[in-house]
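There are 4 protein chains.
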Amino acid sequence: MSDIETLIQELVQFRNERDWDQFHNPKDLALAINVEAGELLELYLWKSATEANVDKVKEELADILAFALLLANKYGFDVKQIVLDKIKKNGEKYPVDKAKGTAKKYNEL
Amino acid sequence: MSDIETLIQELVQFRNERDWDQFHNPKDLALAINVEAGELLELYLWKSATEANVDKVKEELADILAFALLLANKYGFDVKQIVLDKIKKNGEKYPVDKAKGTAKKYNEL
Amino acid sequence: MSDIETLIQELVQFRNERDWDQFHNPKDLALAINVEAGELLELYLWKSATEANVDKVKEELADILAFALLLANKYGFDVKQIVLDKIKKNGEKYPVDKAKGTAKKYNEL
Amino acid sequence: MSDIETLIQELVQFRNERDWDQFHNPKDLALAINVEAGELLELYLWKSATEANVDKVKEELADILAFALLLANKYGFDVKQIVLDKIKKNGEKYPVDKAKGTAKKYNEL
Chain A
1 MSDIETLIQE LVQFRNERDW DQFHNPKDLA LAINVEAGEL LELYLWKSAT EANVDKVKEE
61 LADILAFALL LANKYGFDVK QIVLDKIKKN GEKYPVDKAK GTAKKYNEL
Chain B
1 MSDIETLIQE LVQFRNERDW DQFHNPKDLA LAINVEAGEL LELYLWKSAT EANVDKVKEE
61 LADILAFALL LANKYGFDVK QIVLDKIKKN GEKYPVDKAK GTAKKYNEL
Chain C
1 MSDIETLIQE LVQFRNERDW DQFHNPKDLA LAINVEAGEL LELYLWKSAT EANVDKVKEE
61 LADILAFALL LANKYGFDVK QIVLDKIKKN GEKYPVDKAK GTAKKYNEL
Chain D
1 MSDIETLIQE LVQFRNERDW DQFHNPKDLA LAINVEAGEL LELYLWKSAT EANVDKVKEE
61 LADILAFALL LANKYGFDVK QIVLDKIKKN GEKYPVDKAK GTAKKYNEL
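Protein chains in written order, with our numbering: chain A, 1 to 109; chain B, 1 to 109; chain C, 1 to 109; chain D, 1 to 109.
It is possible that some hints are incorrect.
Chain copies aren't distinguished; within one or between two, either way the pair holds.
To be verified - When the alpha-carbon atoms are kept at most 27 Å apart in a straight line, the in silico DSSO-like pairs for lysine-lysine are as follows:
(1) K74 / K98
(2) K100 / K86
(3) K74 / K47
(4) K47 / K104
(5) K74 / K86
(6) K47 / K88
(7) K100 / K56
(8) K98 / K88
(9) K80 / K105
(10) K47 / K58
(11) K93 / K80
(12) K74 / K104
(13) K80 / K58
(14) K105 / K89
(15) K100 / K80
Worth flagging that the hints you see were computed from the coordinates, not collected in a lab.
Only chain A is shown next, with the shape it has when bound in the complex (with noise of 0.2 Å):
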């Protein structure tokens, strides 16, 4: 079994067990995501780049990849797949010879 098939029937068993799969509908799911990334937004606030506690990004990046692999589960996406489409659909918004080295949107470049 590949590690993300690992991790995504780790976090099926979890829920399952506690009989959690009545709360964790889509938007619900999407919810808790942007929950998590607030949390791991609060490490780094008034601080500069590099002076979050590690072991609490750690944590919160954890909740966050459990939640986003939860949702892809619910609705049966290949997450390998659609993360290799997005990259591949970024190359086509963000070209090599316009965008290296600038933080520009796609749309300004």
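Starting from the known structure of chain A, arrange chains B, C and D on it as the hints suggest.
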């Protein structure tokens, strides 16, 4: 190579080809995750849980995963391990006999 | 009429003319605030603190304020009072002699 | 003095007594709004639209408003004016005859 390692390698190559590592400090990567999480959330705004556009969910979720993997890579985290560690920790905060069938937070159980 | 009341009255009229109250339940208003907060945040992404486009900041901030006022109105909160109450409460969590000059959270002071 | 000016004056005094202006650059204030928006959102997580704890909603909403007012003040925006301007602009994006009774985005009307 595991599928997570493959994704990280592709994302890092994409970033490096565009010389974007200079922008990708941990704080801005945490911001990027929040920006993408907000875009995912917008797909559910004013809608019932299942009315979001699935193709757009796929893309926004891919963006979140991409920045989460890049942030993990920036810190040198083992993605599989940090998620497994968090599942274990959550198992202690949410024991099955107390958490089953309820959406309460651990401090209200 | 106070300026806050004027704004709420304008926002409610705008909403009612479009028959949007049916969508404006508290949960979706909280989502809307997060969506707009993410759009504000994007204006600072990959940038130093002062490089954001000021006209766009103005608009995103106005959106956040608008949904915050609509949510307050939905619950019948007195906006001025809840902010004054929170300032008082924060004064207890962050007494001047402990909090002066430090960005630490109250539980780390 | 107007209600909004009173609130801003109180918030600025609170900040200055603690010598926190050094942390309150626009980017971190935008982060703070997102962090507080995430805390508001958490009150609705896994719940129906009306089940959130009202006292906590009051506090999180006050935090969002506080940081929004501080950010507006940082740029010297006239809060009442920027909200009125945005209502006018939204009126053009969402004309009553097209937008009435629908939650569609302006680019889908």
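Hints the structure fails to honour: none
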